[in-house]
Structures are given as structure tokens and as C-alpha cells.
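J.: Sequence:
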Amino acid sequence: MAPYIFAKRKGIDITNLIRTARFLSEACDLVFDTTSKGKQFLIVGAKNKAADSMAWAAIKARCHYVNKKWLGGMLTNWP
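Under full-length UniProt numbering, think of the first position of the sequence shown as 1, with each following residue one higher.
For the record, the hints were derived by calculation from the structure and aren't laboratory data.
There's no promise every hint is true.
Estimated spans, in silico, between C-beta atoms of each pair [claimed, not checked]:
id, residue 1, residue 2, range
1, ALA51, CYS28, 21 to 27 angstroms
2, ALA51, ASN16, 14 to 20 angstroms
3, ALA50, LYS8, 31 to 37 angstroms
4, ALA50, SER25, 19 to 25 angstroms
5, GLN40, ILE14, 35 to 41 angstroms
Fair warning: this is a prediction, and the values are worked out from it, not measured in the lab.
Each residue gets a CB set at the ideal place from its N, CA and C atoms; glycine is no exception.
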């Protein structure tokens with residue numbers, strides 16, 4: 001995270017928004033290019049506060065998702 005931290009004030013990290021926006025744009029381009037080739041994504045977000053929003057976004061994007069806490073190895077040990 002250090003390259004994205006602009007400054008620290010009173011123990012709070014101030015994010016470099018210009019750098020963050022640039023890399024967020026690149027990430028969006030990567031997702032768009034990948035999905036346009038027919039590939040799929042698994043969206044994972046197990047935080048209770050974000051579960052509903054994450055599920056809504058995944059359904060809208062027609063992606064698979066997990067928005068509950070899962071057991072260790074559920075992804076890596078899948079047959």
C-alpha cells in the first residue's frame with residue numbers, strides 16, 4: 001500500500017487519489033477485456049456490511065459470487 005499513500009496525518013493514511021484512479025482504471029480495462037473474451041470472474045466479499053451490495057453488483061454483472069464466510073480450502077480443494 002505504501003506507493004498509494006500520499007501522506008500520514010494524526011495516524012491516518014491519506015490516499016494518493018491520482019495514482020489510485022490510474023490503477024483502478026487499468027483494473028477496469030483488464031476486467032472488461034477479459035469478460036469480452038468470454039472468461040468469468042468469482043467475486044468474493046465476506047464482510048457483512050458489504051454482502052448485499054456485493055451480491056447485487058455480482059448478479060448485475062452476471063458473475064459468480066460468495067458473500068458469506070467460507071471454510072478454508074473451499075476454493076483450492078474443490079474437486
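J.: Could you tell me which of the numbered hints above are not met by this structure, giving the numbers in increasing order?
T.: When the structure is compared with the hints, numbers 2, 3 turn out to be violated.
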